[in-house]
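Use the sequences and the hints to build the structure in full.
In the order they appear, the protein sequences are chains P and Y.
For the first sequence, the working numbering begins at 53 and goes up steadily by one.
For the second sequence, the working numbering begins at 153 and goes up steadily by one.
I should point out that these hints are in silico values taken from the structure, not numbers from a laboratory.
Cβ coordinates follow ideal geometry from the N, Cα and C atoms, glycine included.
Certain hints may be false.
As the list claims (entries may be wrong) - Examples of chain Y residues lying across from chain P (beta carbon under 8 Å, computed):
1) LEU157
2) GLY168
3) PHE189
4) ALA251
5) MET272
6) SER309
Said to hold, decoys possible - Here chain Y is said to cover these stretches of chain P; the calculated rule only asks that three of the stretch's residues, wherever they fall, bring their Cβ under 8 Å from a Cβ of chain Y:
7) 59-70
8) 96-106
9) 120-128
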Amino acid sequence: MLFVLILLFFAGFLTGRFLRTDWIRKYRVLIFLTFLLLFALGVEIGSNNDVVSKLESILLSSFAVSSFAVLGSFIFAIIFERVSKK
Amino acid sequence: MVLLLLSSVVAGVLAGRWTGLRLPDWSVNAVLYVIVFLVGVDLSKEKVRFDVIKKVLLSVVATVLGTYAGALALSFFSPMKRFEVLAVASGFGWYSLSAIIISNLHSAQLGAIAFFSNVMRELFAIVLTPVLSKYSRAAVVSIAGATSMDTLLGPISHYTDRETSLLAFAHGFIVTMLVPILVNLFLAFR
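So this is what it looks like as structure tokens:
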């Protein structure tokens, strides 16, 4: 799957040079596709009884991971900024 | 925008829960492949200046190390397994991709955690960018993670300067490329 994604990305990157690409932004194609993607992902989550029954603990774990990741990035970015300025 | 995106997930969850709607297994992947291809097409027209490369690499290292330092600290008192916390944190805010890879390769439950935690990272970034931009521009970019090249690029360029916007874009680009690699790496550790 990873291989397919990287391949597709570079295929797009290379072919895009020879195409008109302004329609992607003009018609907000990526946002529309993201809605579709998230809806499909939601259907997958909602139809999985195991996930629905544990939703509370899932949200709690999610909050824990995201807040620690954000805090860590914040601290390291500040340290790197201070060190590189010296 | 984040609210709209969230509500499409909620709509999907409700539809899957109450209407018995079932989509074919390939549908999520098919949409994701189209998105990744089109992001590539879209980016082919961007020009990244290379004189900021040292700053960019430094900020990428800060983002990655900082995220893992936070995730590692959490893993000592979380009921989740260490590799699970690290794999979820490896989404760096790119919720759609990390959630799909993790639910494919691990479980729907960890995929759901990856989804929500990375959505929350994006929400944190949206809320914190106006507050922190005066204090540290590097911190604003690192907190945004992979989203510094798309969703957060607008807010970052609004609250900082052009140089930081360029940094944000290149940083997000590299972190985005790292997401599938690092998520796969940590899932291989189970």
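Hints and how they fare:
1. Annotation: interface hint on LEU157 (chain Y) holds; nearest CB of chain P at approximately 6 Å, less than 8 Å.
2. A cut of 8 Å between beta carbons decides the hint on GLY168 (chain Y): the least distance to chain P is about 3 Å, and the hint holds.
3. The restraint placing PHE189 (chain Y) at the interface with chain P holds, with a minimum CB-CB distance near 4 Å, inside the 8 Å limit.
4. Below 8 Å, beta-carbon pairs count as interface contacts, and ALA251 (chain Y) has one with chain P at about 6 Å; its hint therefore holds.
5. The criterion of a C-beta within 8 Å of any C-beta in chain P is met by MET272 (chain Y), whose closest approach is roughly 4 Å, and the hint holds.
6. Here the hint on SER309 (chain Y) is broken, as its CB sits about 15 Å from the closest CB of chain P, past 8 Å.
7. Counting residues of the region 59-70 of chain P whose C-beta sits closer than 8 Å to any C-beta of chain Y gives 10, which meets the bar of three, so the coverage hint holds.
8. Requiring three or more residues with a Cβ within less than 8 Å of a Cβ of chain Y, the coverage given for the region 96-106 of chain P holds, as 9 such residues are present.
9. Under the rule that three or more residues need a Cβ within less than 8 Å of chain Y, the assignment of the region 120-128 of chain P holds, with 9 such residues.
The structure shown violates just one earlier hint, number 6.
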